[in-house]
Amino acid sequence: MIGAGAMQPENYETKPIFTLAGVGKTFRRGTEALQAIDMTVSSGGFVSLLGPSGCGKSTLLRIIAGLTPPSQGRVQCESEVRGHIGFVFQEPTLMPWATVWDNVYLPLRLAGRSRDDASASIAGTLASLGLGGFEQAYPRELSGGMRMRVSIARALVNAPRLLLLDEPFAALDELTRFRLNEDLLRLWQEQRWTVVFVTHSVFEAVFLSNRIVVMTPRPGRIVADLPIDLPYPREAGLRTAPAYAERCRAVSAVLNEAVA
Amino acid sequence: MHGRERLAEIAAPLLAGVLFLAAWQAIVQWKGIPPYILPSPVAIAEALWRDGPSLLGSLFVTLRITVAALIAAIVFGGALAILFAQSRLLEISLFPYAVILQVTPVVAIAPLIIIWVNDTFLALLVCAWIVAFFPIVANTTLGLNSADRNLVELFRLYGASRWQTLRHLRLPAALPYFLAGVRISGGLALIGAVVAEFVAGTGGAETGLAYRILEAGYRLQIPRLFAALLLLSAAGIAIFAVLSWLTRLLIGHWHESALPRDD
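Residue numbers (this note's numbering), protein chains in the order written: chain A, 26 to 285; chain B, 684 to 946.
Next comes chain A alone, as it looks inside the complex (with noise of 0.2 Å):
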């Protein structure tokens, strides 16, 4: 785990983590998904990209990633990322063999960990989701909002610096989203990875990031850059607070702008 206390505070919003210079792609059918995307983000950032369907929000992610290389451009990524980047899909996408147990322990498998080696790391994360007893529990047994869980603990585990989550709750009932995005909080400033968090709900994108980059639709171009200057933590309380609802109605007036 990354402790909050072994960097200087100040070099969180500092130390850029990844800067994505010019970024285009274009897909081999010739549709054009993002179109010069200039970005840098710092080190224990919330950011969330927030942007109509098809904006190609996901696509820049799995860019950043580097699951699929910009057509134009360059990422520039910290080289101690590298490897240490957690995904979460918009499908818990667990494998449906593997117990809950099982699932997590995947990335630590695939990095050559022993089962007795990983136990306490895995332990740790299950109870940090509260998914603590659901060890041997295959993922069809869960609901939808657990699987999910599983699915961030399991993008967890291996302590990575950059957590990367693709509109992880869209497919969630709104009490189940709440929780979720509490508990993500929660872990964030325990642990403090550097997010970037796929949206295309304002009320999310507000509640969570200290940063919302608005997106237009295809082809994605970045067309404002927010602050969100609400103090963390951040609780359920907020919810209802006058504040964060002039916020939502600031980055929805970007957004709309940015739509039509």
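If you're looking for bench data, these hints aren't it; they were derived computationally from the structure.
Note that the Cβ used here is the ideal one computed from N, Cα and C, for glycine as well.
Keep in mind that the hints are not guaranteed to be accurate.
[Unchecked claim] Output of the computed footprint for chain B on chain A, the stretches with three or more beta carbons under 8 Å from beta carbons of chain B:
1. 86 to 98
2. 108 to 117
3. 129 to 136
[What the hints assert, rightly or not] Here are the in silico distance ranges between beta carbons for each label pair:
4. A:A148 - B:V701: 57 to 65 Å
5. B:V835 - A:S96: 17 to 25 Å
6. A:R53 - B:R845: 19 to 27 Å
7. A:A148 - B:W846: 26 to 34 Å
8. A:A46 - B:I765: 40 to 48 Å
[Unchecked claim] According to the in silico footprint, chain A covers these stretches of chain B (three or more CB under 8 Å from chain A):
9. 686 to 700
10. 725 to 733
Given chain A, work out where chain B should sit, using these hints.
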């Protein structure tokens, strides 16, 4: 309610079978149909009782060929599918020939194989194998390529080796497909063994059930022919049951197909 349904599931087909056999017996007796045209169920049961031990010996010969061919199909079919999954070029180069082998009727090539392969047991085994191996290759190849795309990407993100991806992702994902293939191939291997023996005739000292059926036909011992057919069907059902049980054992705890339906 559940117990009663379960009882009906067993009792209903049983009752239908008994009624069918009774009607058969009645018609044969009432019309006086000679046993060399259509033997009565009682006559078949008598033949089964009388010739049972010797027929069982022949069944054992046929089953040995069937099981050996199925195992060979599993080994070669599985290995070929894994090879295909490693190289797309290999797959598109060889798959058409697997199809050709599949669509060529085994009756047509059995005489050739019997000429080429000296040992009869081996020749019959090769024939049964040709029939049995395709469903395993085709299904396993499909299964190996059906792993969740996002999981494949996740493995890539974590820098998994080709072997790790195969071992921890593609093979488990392919298992249900592979087992579905094996269940089809189990029946096909038996059919292949019988058809090949029909063509080959006797295999020296040991004769399989197919030859006994031919022999009974030539001698107009039709009740015995039916008894042999009965044993063959029972063997086919047993093979299917064993493979179904194996499927439940291996993937029952996670795969949709094996989950109990609660409606």
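Evaluated hints:
Counting residues of the stretch 86 to 98 of chain A whose CB falls under 8 Å from any CB of chain B gives 4; the rule of at least 3 is met. Using a Cβ-Cβ cut-off of 8 Å, 5 residues of the stretch 108 to 117 of chain A lie near chain B, which meets the minimum of three, so the contact claim holds. For the stretch 129 to 136 of chain A, the stated coverage by chain B is satisfied: 5 residues place a CB nearer than 8 Å to a CB of that chain, which reaches the threshold of 3. Taken as a hint, the range 57 to 65 Å holds for the pair A148 (chain A) and V701 (chain B), whose Cβ atoms sit roughly 60 Å apart.
Look at V835 (chain B) against S96 (chain A): about 22 Å separates their beta carbons, and that is inside 17 to 25 Å. Roughly 24 Å separates the CB atoms of R53 (chain A) and R845 (chain B), a value that falls within the hinted 19 to 27 Å. Take A148 (chain A) and W846 (chain B): their Cβ atoms lie about 28 Å apart, and the range 26 to 34 Å holds. Between A46 (chain A) and I765 (chain B), the C-beta spacing of about 42 Å keeps the proposed range 40 to 48 Å intact.
Judged by the Cβ-Cβ criterion of 8 Å, the stretch 686 to 700 of chain B is not covered by chain A as claimed, because only 0 of its residues qualify and three are needed. Counting residues of the stretch 725 to 733 of chain B whose C-beta sits closer than 8 Å to any C-beta of chain A gives 0, which falls short of three, so the coverage hint is violated.
Hint compliance for this structure: hints 9, 10 are not met, and every other hint is.
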